[in-house]
Structure formats: C-alpha cells, structure tokens
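Take the sequences, apply the hints, and build the full model.
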Amino acid sequence: MYEINYELHDIDLTSFYGVNNQYFNLLKSRFPTLKITGRDHSIFAAGNRDALDLFKQKLDDIVDYIFKSSSVSLKDFENSLNFKNEEE
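1 is the number of the first residue of the sequence shown in our numbering; add one for each residue after it.
Honestly, the hints are just simulated from the structure, not real lab data.
Mixed in with the good hints there might be a few duds.
Claimed, not checked - Derived BS3-like pairs: lysine-lysine, alpha-carbon spacing no greater than 27 Å straight-line: (1) Lys-58 / Lys-68; (2) Lys-56 / Lys-35; (3) Lys-75 / Lys-28; (4) Lys-68 / Lys-56; (5) Lys-68 / Lys-28; (6) Lys-56 / Lys-75; (7) Lys-58 / Lys-35; (8) Lys-28 / Lys-56; (9) Lys-75 / Lys-58; (10) Lys-28 / Lys-58; (11) Lys-75 / Lys-35.
If you want it as structure tokens, here you go:
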C-alpha cells in the first residue's frame, strides 16, 4: 500500500471542499479503492500506486481550475473528475 500527502496551497478551502464537504465527498466517491482523508490544507490518500497516480492528477486538475476561476460549481467539479452528466 502506498500513501501520498497532497498540500493545498493558496486556495480557498470552501472552493475545494464545497459546502458541507460536498465536493470532497464527490472526490472520495470517484476513488472507492483509496482511503482518502482531508484536514485543512492537507489531503491524505492510501492505496495502490495506479489509483494514487490518477488521484494526484485529478487533484492537480481541480486545483488548477480553482486557481483559474473565481468560483467552482458542482458541474465544474464533476467535469474535472471526468463525470458524465446522466441527464444528457
């Protein structure tokens, strides 16, 4: 089992975690094989190497999007995780 510690620097934590951790819970549901916890500016994840590599890539994408945008919606967050809209 491998672990990573991802630090969130200079971003609004509400933009990352979402209201009532809505975005963070969505992120965790996208990676069911990983054990993911978040505390303030640190995200910890443990699991297999391939899943962790993909997880880190998605975190990078999300953080980049938050830096570029003044606000983040649930749809934006889902798109960053490559979710498909089931209604379309």
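Verification of the hints:
As the CA atoms of Lys-58 and Lys-68 are separated by approximately 15 Å, the hinted pair is consistent with the 27 Å bound. Restraint check for Lys-56 and Lys-35: the C-alpha separation of about 13 Å stays at or below 27 Å, so the hint holds. Pair hint Lys-75 plus Lys-28 holds up; C-alpha atoms about 16 Å apart against a cutoff of 27 Å. At roughly 18 Å between alpha-carbon atoms, Lys-68 and Lys-56 fall within 27 Å of each other, so this suggested pair holds.
Of the supplied pair hints, the one linking Lys-68 and Lys-28 holds, its CA atoms being roughly 23 Å apart against a limit of 27 Å. The straight-line distance between the Cα atoms of Lys-56 and Lys-75 is roughly 20 Å, inside the 27 Å bound, and the hint therefore holds. Between Lys-58 and Lys-35 the CA atoms are separated by roughly 16 Å; this keeps the pair inside 27 Å, and the hint holds. Restraint check for Lys-28 and Lys-56: satisfied, since their Cα atoms lie roughly 12 Å apart, inside the 27 Å limit.
For the hint linking Lys-75 to Lys-58, the alpha-carbon distance of about 15 Å falls within 27 Å, and the restraint holds. Restraint check for Lys-28 and Lys-58: the C-alpha separation of about 11 Å stays at or below 27 Å, so the hint holds. Restraint check for Lys-75 and Lys-35: satisfied, since their Cα atoms lie roughly 24 Å apart, inside the 27 Å limit.
When held up to the earlier numbered hints, the structure conflicts with none and fits them all.
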